[in-house]
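Asks: If you read the sequences in order, they're chains A and B.
The opening position of the first sequence corresponds to residue 931 in the working numbering, with each subsequent residue numbered one higher.
The opening position of the second sequence corresponds to residue 15 in the working numbering, with each subsequent residue numbered one higher.
It is worth saying that the hints were derived from the structure and are not from the lab.
Here the structure is a predicted model, which is why all the values come from computation and not from measurement.
Which bits of chain A does chain B cover? Going by a derived footprint, with three or more residues having C-beta under 8 Å, they are:
{"#": "1", "stretch": "1007 to 1015"}
{"#": "2", "stretch": "1055 to 1062"}
The following residues of chain B were derived to be distant from chain A, with all beta-carbon distances above 12 Å:
{"#": "3", "residue": "Pro-30"}
{"#": "4", "residue": "Gln-38"}
{"#": "5", "residue": "Ala-99"}
{"#": "6", "residue": "Gly-239"}
{"#": "7", "residue": "Gly-270"}
What follows is a list of derived Cβ distance ranges for each label pair:
{"#": "8", "chain 1": "B", "residue 1": "Glu-314", "chain 2": "A", "residue 2": "Asp-1205", "range": "41 to 47 Å"}
{"#": "9", "chain 1": "B", "residue 1": "Thr-385", "chain 2": "A", "residue 2": "Thr-1100", "range": "25 to 31 Å"}
{"#": "10", "chain 1": "B", "residue 1": "Arg-136", "chain 2": "A", "residue 2": "Gln-1249", "range": "55 to 61 Å"}
Don't be surprised by glycine CBs; every beta carbon is placed ideally from N, CA and C.
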Amino acid sequence: MRTAVALSGGVDSSVAAALIQESEGAAFGLTMRLFAPTDELIPGGLNRLPVAGGRKGRCCGGEDTDVARLAARTLGIPFYVLDMEPEFRRMVVDPFVASYRAGRTPIPCTACNSRVKFDHLLRRALGLGATRLATGHYARLGREPGSGRRTLARGLDRDKDQSYFLFGMTQKMMEQVLFPVGEMTKEEVRRLARTHGLPNADKAESQDICFVPDGDYRGFVRRMAADTEAGGEIVDRSGQVLGRHDGLSGFTVGQRRGLGLGGGEKAYVVALQPDLRRVVVGPREAAFCHQLETEAVNWVSCAAPSHTLECHVQVRHRQEPVPATVSMLSQGRARVRFDRPVLAPAAGQAAVFYGDQMVLGGAVIETAICDGTWLDSTTQEAGASLTA
Amino acid sequence: MRRIYLDHNATSPPLPEARALLRQVLATGWANPASAHLEGRQARAFLDTAREQVARLARVPVTSIFFTSGGTEAAHAALHGAALAGTGEQIVFSGLEHAAVRAAVAGLAERGFRPVEVPPGRDGVMDAQRFISACLAGDTAVAALIRAHNETGLVQPVQAVADALGAHGIPLVVDAVQAPGRLHSILPRGEHVLGLLSAHKIGGLPGAGAVVAAADRPMVPFLGGGEQERRRRGGTPPLALIAAMGAAAAHLAGQGSEPRERMGRLRDEFEEELLHEAEGIEILGREMARLPNTCAFLVEGVPGEDVVAALDMVGVAVSSGSACSTGSARPSESLLAMGYDRDRARGLVRLSLGSGTTRAEMDHVREVLVTVLGRLRRYGAASGVS
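In isolation and in its complexed conformation, chain A is listed as follows (with noise of 0.2 Å):
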């Protein structure tokens, strides 16, 4: 038996790792190598990913690598460091780049977790002689006594909880990781991390997506983006142009900043349509929706239902969940209903089910139904490919 452990270089990892050695004695870490280095001065050098906000990346860049390497070393495993910039550019940076110019709101990180950590990264664990992989995520793997089906719950410090990134897990994944810091508070995690006297013990959390340091995802996507977006209109409701924008990607709905309208009402984001390149306008309460589809379910902790499902539904990281009903439609696709209106569920981003703490399943979000009545005749017609 022998663990490998995916170090970001953050405490929880660490911490994972330091449980992980503490009970079985042959951990051995691993760090993703996500992005290249910036050092322009070498000619011939490789394609190289902007990363924004300068050098130095948050996670998983060369800092981060020398905190998870001290880490390892304080714990006497074996680190390595695995080059996954091909796998990560593809699989997680260039479909975040054309989802935001789709007009989409995308989370890089359930990619990340589905693709790179559980797929790739577990597999390359294993061709190192790995039986499992350890992260340090907050959600908890568990066991239906019955079916012997694996589940995903949600962690323990209910303010820490990952398990909404976590919706891509499947069955042979949830065999093969662990999450050791699922059962603990963020609070005992860092009093582990003093204990084995971890150089990270105190160290700030990263809210921010990985490659987007500075938060800027608009000037992130402009950069990596091989051509120049197209511009559109801003426009109210009724479709009366507000003014101008240059490009989708910059805009989610249920935003507010950054619109450039000048005074009058506060003016929400309440639409995107991609089709016309249009930013729709409105009042907050426009931005409420009472439905949505999703893409293909992932069925996590149960089995794919016959018809439909009564459950609570997270639209977003941090949003309490809303009971709502989940029916299925063709292609492992799925309906959900709200009990009651949920403001800006935003297409791209995951609409995960629970049941009490268990992740039940979940899907990116291909279109959010909002209350059309405030529509124009034409945009109603291209109410499939509304994506507010």
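Add chain B to chain A, keeping to what the hints say.
Replies: Just chain B now, kept in the frame of chain A:
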């Protein structure tokens, strides 16, 4: 766990002679070798001896050696020194050069020199005529061609290039860091040749290196300072490390061809058997002139760094190319220059033997390597398989 060390091209373990001398220097040679007193003279004696030993190894006059803090500084000192002392405008370098040489060229490019990179052939060897033509096509200040490649071990046509450039008085920097103990001829002959040596590749310790350059060659010092090293390198030299380098050089200069030939036989047998036992392996330059201690191969569909990690955990130290980008794992620039794509270049694994490597060790390594490769393949960690 018993360890088997097959990464001598990154760093060779210090030879017993080097360790012994290090202790002596710490006891009696710690003073400043430029000082006029007894303690200074004692320190100076160690420096002089080391210079004689390194000169003998390189088969050059003792005045042709000046010491640096290592191969990287030597590369900067030689390129910078030669380029700024002349009138040429361009710097010609091969696509096989080490990162230290590339960085020195890039630094000079910022000062106005035009860098001209000449790619090697697909076989990993520079075409001498092509390189010479590039040098003669412009007003070349200095050229750089590695003696034998640190990753593939492939030997480069430095003598032909040195002869042709020498006829035009163009200085040629030859990175010979991997050559001592592994090749009979460390540097090409020629008054316009500048050689680079590093202590920790030859059984000394990291922190010392040398430039081989004729005493009358005009050189602009890369590190200005005092009058040390005949004004070619300022700063008090790292004496203990230089003395250890000298001891290692003396050891290598005194040995015949037998250790090289033995390493070559072990390597060749290893490769022969590996090709029978493992699939999807391409050995680089197998039929060509190589450093006899170096075995470099590409694994199909498995990143070389995974092979390195898996072998490390079973007690075998190898590398996936140049160790010079610490902890990171970028594909070899030289393999890219040879025309391999990035995915293919990621599969590089390098074993570099030492003179103490045994047949039993190589047999054991082959066995565990075959097992490790089988497992890595089974999980399909290949890039592109998602």
